[in-house]
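Colleague: Given chain A, work out where chain B should sit, using these hints.
2 protein chains.
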Amino acid sequence: MHLIADAFGGDHAPLEVLKGCRRAADKLGVRITLAGSGEKIRACAAQHKISLDAMEILEAPGVFSMEYEPQTILREHKDSSMAVGLRALADGGADAFLSAGSTGALMVGATLIVKRLKGVRRGGIGAVLPSATTPFLLLDSGANAECSAEMLVNFALLGTVYMQSVLGIANPRVALANIGTEPGKGDSLRQEAYPLLAGQPNINFIGNIESREIPFGGCDVVVADGFTGNMILKLYEGMGKMLSGKFKKVFTGSPLGLLGMPFALPGLMGLKKMMDYKEYGGAPILGLNGVVIKAHGSSDAKAFYSAIRQAKQCVEGNMVQKMKENLPRREA
Amino acid sequence: MHLIADAFGGDHAPLEVLKGCRRAADKLGVRITLAGSGEKIRACAAQHKISLDAMEILEAPGVFSMEYEPQTILREHKDSSMAVGLRALADGGADAFLSAGSTGALMVGATLIVKRLKGVRRGGIGAVLPSATTPFLLLDSGANAECSAEMLVNFALLGTVYMQSVLGIANPRVALANIGTEPGKGDSLRQEAYPLLAGQPNINFIGNIESREIPFGGCDVVVADGFTGNMILKLYEGMGKMLSGKFKKVFTGSPLGLLGMPFALPGLMGLKKMMDYKEYGGAPILGLNGVVIKAHGSSDAKAFYSAIRQAKQCVEGNMVQKMKENLPRREA
Numbered sequence: 014m015h016l017i018a019d020a021f022g023g024d025h026a027p028l029e030v031l032k033g034c035r036r037a038a039d040k041l042g043v044r045i046t047l048a049g050s051g052e053k054i055r056a057c058a059a060q061h062k063i064s065l066d067a068m069e070i071l072e073a074p075g076v077f078s079m080e081y082e083p084q085t086i087l088r089e090h091k092d093s094s095m096a097v098g099l100r101a102l103a104d105g106g107a108d109a110f111l112s113a114g115s116t117g118a119l120m121v122g123a124t125l126i127v128k129r130l131k132g133v134r135r136g137g138i139g140a141v142l143p144s145a146t147t148p149f150l151l152l153d154s155g156a157n158a159e160c161s162a163e164m165l166v167n168f169a170l171l172g173t174v175y176m177q178s179v180l181g182i183a184n185p186r187v188a189l190a191n192i193g194t195e196p197g198k199g200d201s202l203r204q205e206a207y208p209l210l211a212g213q214p215n216i217n218f219i220g221n222i223e224s225r226e227i228p229f230g231g232c233d234v235v236v237a238d239g240f241t242g243n244m245i246l247k248l249y250e251g252m253g254k255m256l257s258g259k260f261k262k263v264f265t266g267s268p269l270g271l272l273g274m275p276f277a278l279p280g281l282m283g284l285k286k287m288m289d290y291k292e293y294g295g296a297p298i299l300g301l302n303g304v305v306i307k308a309h310g311s312s313d314a315k316a317f318y319s320a321i322r323q324a325k326q327c328v329e330g331n332m333v334q335k336m337k338e339n340l341p342r343r344e345a
Numbered sequence: 014m015h016l017i018a019d020a021f022g023g024d025h026a027p028l029e030v031l032k033g034c035r036r037a038a039d040k041l042g043v044r045i046t047l048a049g050s051g052e053k054i055r056a057c058a059a060q061h062k063i064s065l066d067a068m069e070i071l072e073a074p075g076v077f078s079m080e081y082e083p084q085t086i087l088r089e090h091k092d093s094s095m096a097v098g099l100r101a102l103a104d105g106g107a108d109a110f111l112s113a114g115s116t117g118a119l120m121v122g123a124t125l126i127v128k129r130l131k132g133v134r135r136g137g138i139g140a141v142l143p144s145a146t147t148p149f150l151l152l153d154s155g156a157n158a159e160c161s162a163e164m165l166v167n168f169a170l171l172g173t174v175y176m177q178s179v180l181g182i183a184n185p186r187v188a189l190a191n192i193g194t195e196p197g198k199g200d201s202l203r204q205e206a207y208p209l210l211a212g213q214p215n216i217n218f219i220g221n222i223e224s225r226e227i228p229f230g231g232c233d234v235v236v237a238d239g240f241t242g243n244m245i246l247k248l249y250e251g252m253g254k255m256l257s258g259k260f261k262k263v264f265t266g267s268p269l270g271l272l273g274m275p276f277a278l279p280g281l282m283g284l285k286k287m288m289d290y291k292e293y294g295g296a297p298i299l300g301l302n303g304v305v306i307k308a309h310g311s312s313d314a315k316a317f318y319s320a321i322r323q324a325k326q327c328v329e330g331n332m333v334q335k336m337k338e339n340l341p342r343r344e345a
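For the protein sequence lines, the chains are A and B, in the order given.
Just remember that my numbering sits 13 ahead of the position in the first sequence, which is counted from 1.
Just remember that my numbering sits 13 ahead of the position in the second sequence, which is counted from 1.
Some hints here could point you the wrong way.
Partial selection, computed: residues in chain A whose CB lies under 10 angstroms from chain B [stated by the list, open to error]:
#	residue
1	Leu71
2	Glu72
3	Lys198
4	Leu269
5	Gly270
In short, the hints are calculated from the structure, not lab data.
Just so we're clear, the structure is a prediction, and the values are computed from it rather than from any experiment.
Backbone N, C-alpha and C define an ideal beta-carbon position, used for all residues, glycine too.
So that you can see chain A by itself, here it is in the shape it has in the complex (with noise of 0.2 angstroms):
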C-alpha cells in the first residue's frame, strides 16, 4: 500500500507530519510519499534525527497557506505540495492522499483534480465522533453550506459504505438529523429528503435524529447539510471542552478536590480519550474516485498517525470501489 502525505499542510508541518509518517511506515508497514520540498524535509529530518529510511519525497516547491483562497489551488498553487500530492493520486500514482491543510483547498482540488465518483453532486466532508456508546460519521460536516435534498441521499449512501467498509459495522443505521423525530419535521430540506431517503433501498434509514440523541450513539451516520454539519461538529468539540475543563477544576480548584484527584485519574483517563479527536484519525472526503483524508489542522504527530491508520482502513476496505457500487447508476 501507498500513500501520499502533504508534508506542508497543518499548523505543525513539516516536522509532526514527518513524525507521524515515520510512525506510520514503521507500524503499519505502509509504503509513504512525502509531498512537498525535498530540501526543507531533509533538513527538518536531519535536524530532529527523523529517519526517512523507506520513505520517498515528490518534489513540489509550493506550500498552500490557510490565507489562500481555495480555488487558487488550481492555477496559482498548482506546485504547491497539497495540489502536486493530489495530481499523483489522481494519475494512479498511489492509494490514498493526506493533507492536514486548507480544508476548502483540499475539498477543491480533491473534487476537481481526483474527481467525483459518477452519480456525486458533491463531495462531503465525513466527521468521526465518539459517543457514549459507539462511534458515529457525521457527513457532510461542513463541505457545503447549501445542500440539497438529492446530496443528504448521496451522503447517506457515502457514509453507510464508509461505515460498512472501514468501521466494520454490517448495517449501519443511518439518521437524519432534524428538528423532531416525527417525519413530517424540520424545513423544507428535510421535509423532502425524509421520503427520499426512506425510499433508498441500499440504506438503512432509521429515521430523524435530535441533536440531543446524538452524543448517544443513537445511529451510526447522522446525515445533514454542512451548515448543519458544521455546527453539530464544533459544538461538540467545544462542549467536550468545555465541560472537561470545567471536569478538571471539580478537583483543582479546591484542596479538597485535588486530594480527590489520584483516585479519579485512571477514569479521566479513558474519558480523556474517548474524547481525543487524535485517536480517531482525520476526516474522509467522501464521493471521490479515491482516498482523500483532511486531517486536523492542529495535528501532531499521533494524529497524523491515526490518519494514516484510517486512510490503510478506507484502502483496505475498498472503500472507493464499494461506493461505486452503491451509488445510483446515473449521472446526477
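Modeller: Showing chain B alone in chain A's frame:
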C-alpha cells in the same frame, strides 16, 4: 404583579405546577391565578396538602394534549387551560402567562391571541443557556424552522432587550451563529443577514460566532434560525447529559474512583447546578405584546418556580415596552 399559570401543561401537571406556584406565591410575593378545572385543581391540592391561599382559579374545562395539532388551540381547544389563560393575558387580566404544555400550541396561541408587537415578523423562542462564564440567550431556539434575514435581525433586537431588561446586561454582545468567523462565511441566509445586523444601530453586533465558541460565553445573544437554534439547544443538552454521565462513571465505575467521590462532591454539585436547566427558568416567547414563558415540558416544582421568577423579571424589567421602543417603527 399578577401572573397566570397553565395548571394543566407539562408532564407533571397539575401537581408540580401547584407546588411551584405555591412556592412562588410565598417567596416572590406575586399574585397567581391558576388556569384549569377548579375541581381538579382543588382535588389535587387537597390530596397533597398544598394550600391555595391567595391564589385564584380561572375556570377552563379542557386540557391541551401534546398530541393535538398546535393550531387547534384557536378553535377546537379554545376551552383548554392554555387557550383560556392566553386570552386572559391578552384581555389585560394579568402581567404574564406561563405554561409547560405544547410548545407549538403555545407559539400559535401566543402569536394569534396575545399578538405580535408592531415590526415583528415572527416571534421567537429564547433559551437561556449556561456557558463557562455567563449565561447567554439563544434565539430562535426552535419556533421557526425557516427564517428570513429580516427575522434574524428581529431576533437580534428582541434578544438585546431581553438581556438588558431581564438579565441587566447593559450592552449585550450579539453574534450570528455561523460556520466561520469572517463576514462572508456561511450559507446565503447568513451572508444576507450579516450586513443587515452590522447596520443595526440598536444592537452591539460583534460578528459571527462558531458553535465551538458558544459554550465559552463568547457573546450574550446567539442569533440563529429556528432549525439551527434547535440543533444547538438540544445538542447542548445532550452533550451535557452524556458527558455528565461519563464523568459520574469516573467515580462509580471503579472501587478506586468511589474513594475519590467525597473529595470531588462539592465541585461536582457546583457543576451540576451550572448545567441544570431548572435553575434557568423557562423559554421566553419574544416579540409578543405580553410576557409569555414556556416552561420545560418535564418541569418539576423547582423548574416552574424558576420560570415564574423569570416572568416576574420580565415584567419588572418592563421588557415588552422596551421592545416596542427598540423595534423599527414600521409594520414589517
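Colleague: Taking the hints in turn, state whether each one holds.
Modeller: Results for each hint:
1. Leu71: 31 angstroms, violated
2. Glu72: Since the shortest Cβ distance to chain B is 33 angstroms, the answer is violated.
3. Lys198: This interface hint holds because 8 angstroms falls under the 10 angstroms limit.
4. Leu269: 5 angstroms, holds
5. Gly270: Status holds, d = 5 angstroms.
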